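*Asks:* Single-letter residue listing:
There are 2 protein chains.
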Amino acid sequence: MARATRPVVLPGQMREDDSVEKEFVKAITPRAQDFSQWYVDVVLKAELADYAPVKGCIVFRPYGYAIWERIQAELDRRFKETGHVNAYFPLFVPESFFRREAEHVAGFSPQVAWVTRGGDEDLAERLAVRPTSETVIGVMYSKWIQSYRDLPVLINQWCNVVRWEKATRPFIRTTEFLWQEGHTCHRTAEEAEEEARRMLEVYRSFVEDYLAIPVIPGEKSAGEKFAGAVRTYTIEGLMGDCRALQCATSHFLGQNFARSFDIKFLDEDGQLKYVWQTSWGISTRIVGALIMVHGDDRGLVLPPTVAPYQVVIVPIVGRDTEQVLAASREVADRLRQRFRVRLDDRPEYSPGWKFNDWEMRGVPLRLEVGPRDLAARQVTAARRDTGERTVVPMERLEEGVAELLEEVHRGLYRKALQFREANTHRVHDFGTFKSIMEGPRGFIRALWCEKPECEERIKQETGATIRCLPFGEQEEGTCVLCGEPARQVAYFARAY
Amino acid sequence: MARATRPVVLPGQMREDDSVEKEFVKAITPRAQDFSQWYVDVVLKAELADYAPVKGCIVFRPYGYAIWERIQAELDRRFKETGHVNAYFPLFVPESFFRREAEHVAGFSPQVAWVTRGGDEDLAERLAVRPTSETVIGVMYSKWIQSYRDLPVLINQWCNVVRWEKATRPFIRTTEFLWQEGHTCHRTAEEAEEEARRMLEVYRSFVEDYLAIPVIPGEKSAGEKFAGAVRTYTIEGLMGDCRALQCATSHFLGQNFARSFDIKFLDEDGQLKYVWQTSWGISTRIVGALIMVHGDDRGLVLPPTVAPYQVVIVPIVGRDTEQVLAASREVADRLRQRFRVRLDDRPEYSPGWKFNDWEMRGVPLRLEVGPRDLAARQVTAARRDTGERTVVPMERLEEGVAELLEEVHRGLYRKALQFREANTHRVHDFGTFKSIMEGPRGFIRALWCEKPECEERIKQETGATIRCLPFGEQEEGTCVLCGEPARQVAYFARAY
Chain A
0 MARATRPVVL PGQMREDDSV EKEFVKAITP RAQDFSQWYV DVVLKAELAD YAPVKGCIVF
60 RPYGYAIWER IQAELDRRFK ETGHVNAYFP LFVPESFFRR EAEHVAGFSP QVAWVTRGGD
120 EDLAERLAVR PTSETVIGVM YSKWIQSYRD LPVLINQWCN VVRWEKATRP FIRTTEFLWQ
180 EGHTCHRTAE EAEEEARRML EVYRSFVEDY LAIPVIPGEK SAGEKFAGAV RTYTIEGLMG
240 DCRALQCATS HFLGQNFARS FDIKFLDEDG QLKYVWQTSW GISTRIVGAL IMVHGDDRGL
300 VLPPTVAPYQ VVIVPIVGRD TEQVLAASRE VADRLRQRFR VRLDDRPEYS PGWKFNDWEM
360 RGVPLRLEVG PRDLAARQVT AARRDTGERT VVPMERLEEG VAELLEEVHR GLYRKALQFR
420 EANTHRVHDF GTFKSIMEGP RGFIRALWCE KPECEERIKQ ETGATIRCLP FGEQEEGTCV
480 LCGEPARQVA YFARAY
Chain B
0 MARATRPVVL PGQMREDDSV EKEFVKAITP RAQDFSQWYV DVVLKAELAD YAPVKGCIVF
60 RPYGYAIWER IQAELDRRFK ETGHVNAYFP LFVPESFFRR EAEHVAGFSP QVAWVTRGGD
120 EDLAERLAVR PTSETVIGVM YSKWIQSYRD LPVLINQWCN VVRWEKATRP FIRTTEFLWQ
180 EGHTCHRTAE EAEEEARRML EVYRSFVEDY LAIPVIPGEK SAGEKFAGAV RTYTIEGLMG
240 DCRALQCATS HFLGQNFARS FDIKFLDEDG QLKYVWQTSW GISTRIVGAL IMVHGDDRGL
300 VLPPTVAPYQ VVIVPIVGRD TEQVLAASRE VADRLRQRFR VRLDDRPEYS PGWKFNDWEM
360 RGVPLRLEVG PRDLAARQVT AARRDTGERT VVPMERLEEG VAELLEEVHR GLYRKALQFR
420 EANTHRVHDF GTFKSIMEGP RGFIRALWCE KPECEERIKQ ETGATIRCLP FGEQEEGTCV
480 LCGEPARQVA YFARAY
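Chains A and B are the protein sequences, given in the same order. Take the first sequence: its letters are residues 0 to 495, numbered as in numbering that gives the first Met the number 0. Take the second sequence: its letters are residues 0 to 495, numbered as in numbering that gives the first Met the number 0.
The set of hints was computed from the structure by calculation and includes no laboratory data. On a predicted model such as this, the values are computed, not experimentally measured, just so you know. You may find that some hints are simply not true.
For identical chains, the list gives no copy identity; a pair is met inside one copy or between any two copies.
Claimed, not checked - Within a straight-line C-alpha distance of at most 16 Å, the following computed EDC-like cross-link-like pairs (lysine to aspartate or glutamate) qualify:
id	residue 1	residue 2
1	44	358
2	165	474
3	450	223
4	224	455
5	142	80
6	263	218
7	263	149
8	165	120
Turn these sequences into a full structure, and let the hints steer you where they fit.
*Replies:* See below:
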């Protein structure tokens, strides 16, 4: 991160009325008391986002947007490494295109925002503000693709999309959100299938390794798949309140859109054929997952990979103020070569207030520099995830910080995995199923007979949906609802 | 640029009907014959963009989008270096906010696309699709800013905007385009003024040094300034057809939006005051400038800084095919450590066809590897800007390529500057003014009495507008139109 030559604005700038230390920490609702309120408190107080003056929309404030920028940069690198290029397609989709794929339009119509007027004229045809771009991209692909030599087409787009939502929640479900959508075309079904699975794996490894969020990869049931897809793959995470969150999806579209948009190529054998397609996406809702998986009652907890500041340095002034400030600056300058660092030398706040403030903002590591540290040629480090304090000698400052950040990252993943495992229940009968969903919730791993009726009744009676059918897990047994023979393992949960 | 592990799609994939060499080059209209058609030919044939199936919109194809990505990355780095952070504000602006700043709404209303329906409901209040974001950002700033300690606020946003345009042109003027908009708040007028000028200088140095496009920086006349600004600063470039293009603008907004949106802070002296603001932006139209400033009758010419491929390697096969291909791969592998490289080893096209194709796509440097080069332990390099061919010994391949790319970059700037200077006319009387605007056009540097009537009459009679009032250029003399005493130097031109 470039060193700012002028003061950077938002993180750490508090209103004067927040300056009473105790009140400040009290202001976050405990998770056990009201998880929803805790979530909103963290989003607003850590200045990740704010409510916009437009129904269902949020503003991504600089501290929250910086997290998204890091997610974007890392994913973009991984997409390019797997051969993809970026492009940009129009925001508006003429209604007639939107209506060409029957299942797709049925799925998305209730959520569309419509432009009906441009400048001083009523439009002859309404324009949908894109809820997703399969249709408008399909029109272009039918123009660009002619021969098998034009395949595969491996295009990704970073953009905003709009879905008219009734109940919204910062990051998790908003009318407008930011995402990427990959849209690929292939010569064979096998190649498209391979691509859809490859991109699911890119997401899985990104979310698990980079964001330290354990997920269950698998396939969606027919009832939960994307409108227009043949198969939808998903990765599902478990949030701190034991509700599941779909973190990313990858779709094998078959030839559904190719037929609706006439995307054909002349194959080597001289035959005109429809292409096979995939699409895949991850959105800003993943920032919500970060908050809900790692956060605690003191506020946000960020993995060092995406934290806007990985290290905050707090000078403990009182006596030897000048020496302490000089040493703090030296520590900051050394660490800035390798890490994203914030030196909090604001004179108007006490060290204790700063500790609370930066903990609330989720900075993975705090370094304290006080007179005693000075004398001993060391700094005192405090891990955000465990609160543990250790001493780092000045002569191995960079290595010590790197090791501690590594430990925080591993610690976050381990803790999240333990939480998920402790809250995943193997269930064989519907009585237990219901009582878990009325009580502790979490994931229920159970057998399902694959009948939509059973899926539907479970949903109606417990609020739990099939989050995914995990890959390669089949067992002999009976359906958790109807008791008939079943082989398919399914993960059920109440979900965001 | 990461090395693709699977074939990357677009650049270099041609339809079979393009494979006749001569026809292929003929397909670009000569600039002298029809500059507009030349421009569209280059945009479409180099696969920079394509017309979208939505009125006035284009698709940014991967080759064109890759240029924008490089522009974005470099500008973003420069914005952050000058202390700015990114955020994201909503796409939609409720009509009532939009109407609060009178001059602003008058300026933008005719260009707004309106959302009137969401999901299944007619909206109680229409939503403007943002043509620019001063208003919705103003609402947020009034909430976030309370004390002088909250200042300055230095926020930038990368996003899409929509302006309902009647006459459109790829990149230059489209209904939807991509841009960044900086929005800052300051404690004093001086500080805001300094920021507006600082950002103009960031743009000037970026456009001149990085894109090799010479520009004239200055202030807009009152008649040409941004709707709602006190002063607008601009950088103006001269395109290959002697029309001017506004490349970026930076506005000193004074307290106009602060008053309309009630953005106040408690100053150190205990007084409640309105903030002073700036906004500044550059858009995807700058890609159009790149094409029109550097391009020639063979197609696109790209500066190495933004070229998706800086070097294309063409094996000259015929005899010793295997050795030539192996040597070409070796050259590619070595250069990929430092440059963005494309090895064109497609067997289905001739070297001559490839030369034309990559010239049309503007790749700054072509390296040919043939049996004779092999024997002499060298490659043959051809510069895109001059066509000049030189030999680079294998033992200093990297240094040789780096030097040639440097020379191409400097050569492009020099050529563009010479063109602009040759087409800038110092004019003292309106007869000459008119004949230049009816003939060769270009920039006219003349004195203006600062009366709006003279500006308006010049525009009506010649089609030329005041592009900018250059900084620090004042002279004693008479107005080019009315002949009354005048001191203000102005650059006039017909503009995009």
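*Asks:* Against this structure, judge whether each hint is valid.
*Replies:* Outcome of the hint check:
no.: 1; hint: 44 to 358; in the structure: within (12 Å within a copy, 54 Å between copies)
no.: 2; hint: 165 to 474; in the structure: neither (39 Å within a copy, 63 Å between copies)
no.: 3; hint: 450 to 223; in the structure: within (13 Å within a copy, 67 Å between copies)
no.: 4; hint: 224 to 455; in the structure: within (14 Å within a copy, 61 Å between copies)
no.: 5; hint: 142 to 80; in the structure: neither (27 Å within a copy, 42 Å between copies)
no.: 6; hint: 263 to 218; in the structure: neither (28 Å within a copy, 53 Å between copies)
no.: 7; hint: 263 to 149; in the structure: within (11 Å within a copy, 57 Å between copies)
no.: 8; hint: 165 to 120; in the structure: between (29 Å within a copy, 11 Å between copies)
This entry does not satisfy hints 2, 5, 6, going by the numbered hints stated previously.
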